[in-house]
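Colleague: Chains as they are written, first to last, in this note's numbering: chain Z, 262 to 793; chain V, 2 to 368; chain S, 525 to 1063.
Simulated from the structure, these hints should not be mistaken for lab results. Heads up, a few of these hints could be off.
[Unchecked claim] Derived coverage of chain V by chain Z (criterion: at least 3 residues anywhere in the stretch with Cβ under 8 Å from a Cβ of chain Z; other residues may be distant):
no.: 1; segment: 237-245
no.: 2; segment: 249-262
[Claimed, not checked] Some chain S residues close to chain V (C-beta under 8 Å, calculated; not the full set):
no.: 3; residue: Tyr812
no.: 4; residue: Cys893
no.: 5; residue: Gln1012
no.: 6; residue: Ile1026
By construction, the Cβ of each residue, glycine as well, lies at the ideal position given by its N, Cα and C atoms.
The chain contents come next:
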Amino acid sequence: MEQPLILSMENISKEYFGNRVLNQVSLQVRPGEIHALMGENGAGKSTLMNILFGMPVIHSTGGFDGTIKIAGEEVKISNPNEAMHLGIGMVHQEFMLIPDFTVTENIKVGRETGQPTLLSESLGKSLEIMDWESMSADARRALDLIGMNIDDYARIAGMPIGYKQFVEIAREIDKKGIRLLVFDEPTAVLTESEAANLLDIMRRIANRGIAIIFITHRLDEVMQVSDQVTILRDGELVAIKEIKDTSVVEIAELMIGRKVDKLVDQCEDTRTLSDDAIALELKDYEVDMPGEAVRGIDIKIREGEIIGFGGLAGQGKIGIGNGIMGLYESRGEVKVFGQTLDLEKLGEALRHDIAFVSEDRRGAGLLLGESIERNVIFSALQIHNRFTSRIGFIRVLNRSESKAHTQEMIELLDIRCTGSQQKTGSLSGGNQQKVCLARALTMNPRILIVAEPTRGIDIGAKKLVLEHLLRLNREQNITIVIISSELVELRSLCDRIAIITEGKINTILKPDDSDADFGLAMSGLKKEMVTK
Amino acid sequence: MSKTKHFIDQIGLPRLIIGLFFIILIIASVPLGLPMDAVFSDILRRWLMYSILVLAMVPGIQCGISLNFGVSLGIVCGLLGATTAVELSSQNEGVGPWAALGIALVIGVVLAAVLGVLYGLLLNRVKGSEMTVSTYVGFSIIALSNIIWLTLPFKSGELIWPLQGIGLRNVINLEGSFGGLLSDPTVTSTQPFPLNYLAFDIGGLTIPIGLILVFALCSFFVWIFFQSKAGVAMSAAGENELFTKAAGISVDRMRILGTAVSTILGAVGIIIYAQTFGFLQLYNAPLMMSFQAVASILIGGASTMRAKISHVAIGALLFQGIMSTALPVVNKLMPNSMLPEVVRIIVSNGIILYALSKTRGGHQHEK
Amino acid sequence: MKNNGWVKKFRSFVFENKVMLLFVVLTTASIIISGLPLTVIAGSVFERFGRNGFLVLALLVPVLAGLGLNFGLVIGAMAGQIGLFFAILAGINGIPGMLVSTLIATPLAMLFGWMVGRLFNRMKGAEMIAGLILGFFADGFYQLFFLFVLGGVIPITHEGLMLPGGIGVKNMIDLKGYRMPLNDGSGGETVKGFIEGAFDKLPIGDLITAITIAVIVYLLVRGVMVMMKKSTFGLRDLALGIAAAVSFSLLQIPAIKQLLKINNLNFLTTLTIVLIVIAVWQMARLVYAFILHKREGTEKTDVEAKSPSDVLSQSPDQKFLQKSDSRRSLLILLLCAVIYGLTYIPPIRTIMRFIRIPVFTYMLIAGVCYFTRWLLRTRIGQNMRTVGHSQVIANASGINVDRTRVIAMMISTVLACWGQLIFLQSLGTVATYTQHVQVAQFSIAALLVGGATVQKATTKNAIIGIFLFHSLFVVAPEAGKQLFNDSQIGEHFRVFISYGVIALALAMHAWKAKIKPNLGISAVTGKNDKDNSKIAESS
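Produce the complete structure using the sequences and hints provided.
Modeller: So this is what it looks like as structure tokens:
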């Protein structure tokens, strides 16, 4: 016999400005089940959820194709409020809680119960007096349901993170007619015991008949609580599996997938890598970058090597490059060709011949309001006093020198522009990236750190940028550190790939290691743990 | 159709309206029988008189503290320098007008440099709310200066109230010291060659060569500063903090530098203003002066994030041009009317409000 | 509990109230230096409280809704002055004059408040600087209106009000009214537009009559509701009815009628009356709680009987309140007794006798205090708090953020308008072109002195602030004279203080916000921004 589906999203497709991010994806959730939704960053999980909640970002970009059925009935969800009325709730990764409010106030925010008064009868519901007694009773009921015994009149401020998560859940549970709850990476911010507790509560909620969509990258948790898993990759539906019929290794493999095409053509390799010639050494290295914290990394990078740092967003790989360049506070030891960097000093890495191409191209990467020329020469001007001439006692920009150099760079990297004076803000993504690269090369670096070199640029430009990086390494013996979310690109270029999870190196893999190895490493599991 | 729209976008609607208004005022003054040479002399004089104060906005905007309403700090420093210079020149025979001007500038600049750095330190701690804080710092400084004017131990009869023996006058005549040295033909004509050519009349039109030179010099200084290594870094700091940091530059230090330069220019600006005007105005007179400077540069086409020297010249010309033509025109139409003052209030605050709503609507700048 | 708990508590108290404590020291020192008799100081401080209280309280709602300090208060004040001008122009005296002013000014203030709110919604995060500039900008139009439109566009003939040319209003409007010829052809004159002290000097008897009528109307409306089965009569309605009947019949006694012709009380009498009212109220609650306790065997009390604590961002710690309710009543009773005892100390008694309280004005101030607290208990008030804490969360919870903010601005602007009317009827003259200019400035300074911040302000802050700030205002010139032999220094000093305290508060706010960014907002918006930029990049 067939159980009726609580949610059925069928053949969902979505384009952002001609860029297809979801292609014919389906998601089917049965009542009372925990349904895991898995995939790498950019696989389309968030877009799918945005569609489910009718987020404005979907409708302002032309809507989507496909149908959504709730309990067998086709629905149109055009804003989050409608989703709420249909009984769909979301437990956010970043807590939507007001610290100065009490638990009750937070649970009831926007849905307060009021008592009618003389004024509210005549002037509208806004003037109803709040009925805190019945509201705290409701809150109590929701809290009891998830087995949480905090006081409903306690303030949120100062509570442990786990408690805040429970209040979030209680708020969703308290909503009338809730039948489907989405948990977005709920365990990412929790300690181990808190996470275990949360999984218990999820089970308890599911047992009450409320279905749960569990978005996570933690394979072990999926195996532990889920009934079914849907796996997405690059906007495509890869597989729907019953958990009891699958294994960690299989899911990991499915998530990564095998991509046959190498992104770059190989060129001649005359390098000799030696463990004695170390270009960059990190010891016990930590970076306080919000959202991308690095929590202790040890690695030796050989001169002339191309090393990749991979891993999912938020795990800390981005923090490494930003920390070395001094953009965020960092601790530990960084040695460049044997010399220790003073991490307190701004610009220290630049003075030690490290150049950086930021992942945040429109932020740390470029002065969007300035010309290509200004962007290209900026770092070299500031650090090495290049492109200046002296007038009396002040150094002034030497326009002809800087112009000539920029022209050279434009030709070398094939930057498509109207001239060296064009503002970088009006360039395409790929050309912007080349300007960033040009600035880094102007520094004549011995080590080049490149973060997300191909993010948001088209295939043609992608290949060009990557091939140029490879040439720099092979011809000029520049040591290159590539930090990227795209495994394919790391696997086409790098000699070694370090997978970062939770701010630490999980495993260092070779480019031709198996998909399952990469998948497991990215889920935070170690190979040894799984094979038992 | 789209061409006109593009044209309007390029110039900016407020600037277009104000520009047209200015032209209408000038045209209107012809049939009203106003002496055109006097009108143009006045426009020229007021334009140059205010321009350095407006120029003081440029380093502030470029380094990222946005509209520096706190330029009052520099103004007070300049006034302190100027009053000291008047005191010295009236007490010592040896201190001539040029020496007085020099003393005023040196004291003003040194004070402004020191206080500007401190002010910069404060603004670094309130990133994102610089404008609100700087407005009230500006007001507070003026109120504090009022107490200073009452207590300064000066002796010169030109400075203090005749009866009390202490406390500076509201308005101090600069005739005896450095008033008009750069701009008033009646003053410059008594000077030796070539100083007598610093201002002269051509058929009723007064050409203040001295003022033009000073403004050119200051503009050149600011221009060359922005071509220097530090200037380039400072502009970047104002545009993109992360980028600047990634290039190994301390954003905070650049902001302090920009604030200090802005404050120094404020001090120089008020001294040049006073010497052209012929009087020092103390107490609450400079309270809203920073608003005029801010409005001028915005009219000139600057935003709260980016400004150029051309914006200074255009903005000061339009704003002060309207002020100096509106007065005689309105007086002719409605004698003793307050209308020009009302127009000034509406135009200056309206343009600031417009600029704020353009740039701050959605926190883009605070990110 | 640790031994140094008290020390820690004391330290954090000092740290959190440093601005207020600084002012306590400064004001006390100035009072001592000035050598003015306390009776004089207290007298004028209470007078100023009556004038300014309402205006300062008008600032609270926008703070609650996260709009910060409302520098746009000036605009409400302008509306008030426009209303007043037309009432005087129409030659209406006294209370009707004030009512007409209010009737004209209130819709204007609502419109202005709506426009300001709309503008602020376009400039989120820059409300304070926008409000400040907007105040100056609006001042331009205000001047345009009073200088050129009145008389120039709208034909007005009124010798007393208008400038000699007939276009534009004079610098001073006198609330003592203007002599006008009588229309009956007798050639006699009468004073028209006499509004000074309309509220301050309202006889208490009239006031009680008005309140009684209001109560009766209220009860009638309730009666209609009961008949429509929308509500039922409660104990409170009964008590109100009895009180109304008693006061109405008492007012018919000639002796009492005569006695109540006075329009103000001295502070001693006021305090005594207030203490008695509080004591009776608390005793009634004790008895009520006792009866309930007996009947139900629990300590539960009626929801209505709970007094909301006075903190604006008060949380409904209802359970806690219930348990300590009776103890709290006892404590208040004790406090009343102590305060009453204190009034028997001779110097205090003398000072208190010198202070005159204009009853109606003070009642209006009490009314606006009650209003702000009542607002907090309503849905709109709770929405304002949510919006004030996090617009992102409010939005996600289905609250119309923009509308809530506009309503907050409208309330504030209307209250500012009324506040300015109260201020002007007490002052007796209007400086047409400058009276409103400093309104926001001084009100905000007073509120901040009372310990408020950009994010949190309570009625308590407002009341303490007004007393401290205006005490300093009263004594500063004299203190300056004693110290420097120049009263001007004192005057400039108090202006400096009012600017300085705002600069300090704004700087501290920005500083704190930088160190500890509001988690809820920044984290979430940060994520959204990233998402958006990703989308933008892929284009």
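Colleague: Which earlier hints turn out false for this structure, listed by number in ascending order?
Modeller: Result: hints 3 and 4 break, sorted rising.
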